[in-house]
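Visitor: By this note's numbering, the letter at position 114 of the sequence shown is numbered 114, and the numbering carries on one by one without gaps.
Because the hints were derived from the structure by calculation, they are not lab data.
Just so it is clear, the structure is predicted and the values come from calculations on it, not from any experiment.
Careful: at least some of the hints might be erroneous.
Listed next, the in silico DSS-like pairs over lysine-lysine satisfying Cα-Cα at most 30 Å (straight line) [said to hold, decoys possible]:
#: 1; residue 1: K51; residue 2: K61
#: 2; residue 1: K5; residue 2: K61
#: 3; residue 1: K27; residue 2: K61
#: 4; residue 1: K27; residue 2: K50
#: 5; residue 1: K99; residue 2: K27
#: 6; residue 1: K61; residue 2: K99
#: 7; residue 1: K99; residue 2: K5
#: 8; residue 1: K99; residue 2: K50
#: 9; residue 1: K27; residue 2: K51
#: 10; residue 1: K50; residue 2: K61
#: 11; residue 1: K5; residue 2: K27
#: 12; residue 1: K99; residue 2: K51
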Amino acid sequence: MPICKPGDLVRLLAPGARLIGLDFGSKTIGVAISDAALRVAAPVTTIRRKKFSADADALIKIAEDRGVGGFVVGLPLNMDGTEGPRCQSTRDLTEELLKRHDLPTIFQDERMSSQAVERAMIAEDLSRKRRGESIDAAAAAYILQSALDAL
1 MPICKPGDLV
11 RLLAPGARLI
21 GLDFGSKTIG
31 VAISDAALRV
41 AAPVTTIRRK
51 KFSADADALI
61 KIAEDRGVGG
71 FVVGLPLNMD
81 GTEGPRCQST
91 RDLTEELLKR
101 HDLPTIFQDE
111 RMSSQAVERA
121 MIAEDLSRKR
131 RGESIDAAAA
141 AYILQSALDA
151 L
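Please put together the full structure from these sequences, using the hints given.
Guide: The following block contains the structure:
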């Protein structure tokens, strides 16, 4: 299934299917999931990146275990809205993931997501260690929630 437009994503989902949000980083992948009503996103886990096949297997297992019907992938646009090398890397990883588990997928602008999440964590007085452990999954939830709000 090709990458679709956000407006088409809901139409392509099976009734009750959830969305999984992904934040591909250079060392980790943040993972979040929506509720079945597609209203609320919640962080799930952070996967330490190894080989892509192992990473893809872990993502597919989460998707299958949780009734996921589509992917929302954070797209790291430059501040001026242009795409750089990180965007191409994200697109390549997404294409490889879809070869293994073909689900409707959209890209969601992720500019400033990690910074917004970190500011919120600092405001909650989380230690640097706790922030480091959960920021990627929380950023994925932030990206997914942005997409849900737009839908």
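Visitor: Take the C-alpha atoms of K50 and K61, compute the straight-line distance between them, and say whether it is at most 30 Å.
Guide: With Cα atoms ~16 Å apart, K50 and K61 stay inside 30 Å; holds.
Visitor: Hinted pair, alpha-carbon criterion (30 Å max): K99, K51. Please report holds or violated.
Guide: holds (16 Å)
Visitor: Quickly compare the C-alpha distance for K27 and K61 to 30 Å and report which way the hint goes.
Guide: holds (20 Å)
Visitor: Holds or violated: are the alpha carbons of K51 and K61 at most 30 Å from each other?
Guide: holds (16 Å)
Visitor: Given the hinted pair K61 and K99, is their alpha-carbon gap at most 30 Å?
Guide: Answer holds: K61 to K99 is near 15 Å, not above 30 Å.
Visitor: Is the straight-line distance between the alpha-carbon of K99 and that of K50 30 Å or less?
Guide: Cα-Cα ~18 Å, so holds.
Visitor: Can the restraint linking K27 and K50 be considered satisfied, given a maximum Cα separation of 30 Å?
Guide: holds (8 Å)
Visitor: Is the Cα-Cα distance between K5 and K61 30 Å or less?
Guide: holds (25 Å)
Visitor: Going straight from one Cα to the other, do K99 and K5 come out at no more than 30 Å?
Guide: holds (19 Å)
Visitor: With a cut-off of 30 Å on the C-alpha distance, tell me whether K5 and K27 pass.
Guide: holds (28 Å)
Visitor: Check the hint pairing K27 with K51 against an upper bound of 30 Å on the C-alpha distance.
Guide: Holds, at about 11 Å.
Visitor: Given the hinted pair K99 and K27, is their Cα-Cα distance within 30 Å?
Guide: holds (22 Å)
Consistency note: the structure conflicts with none of the earlier hints.
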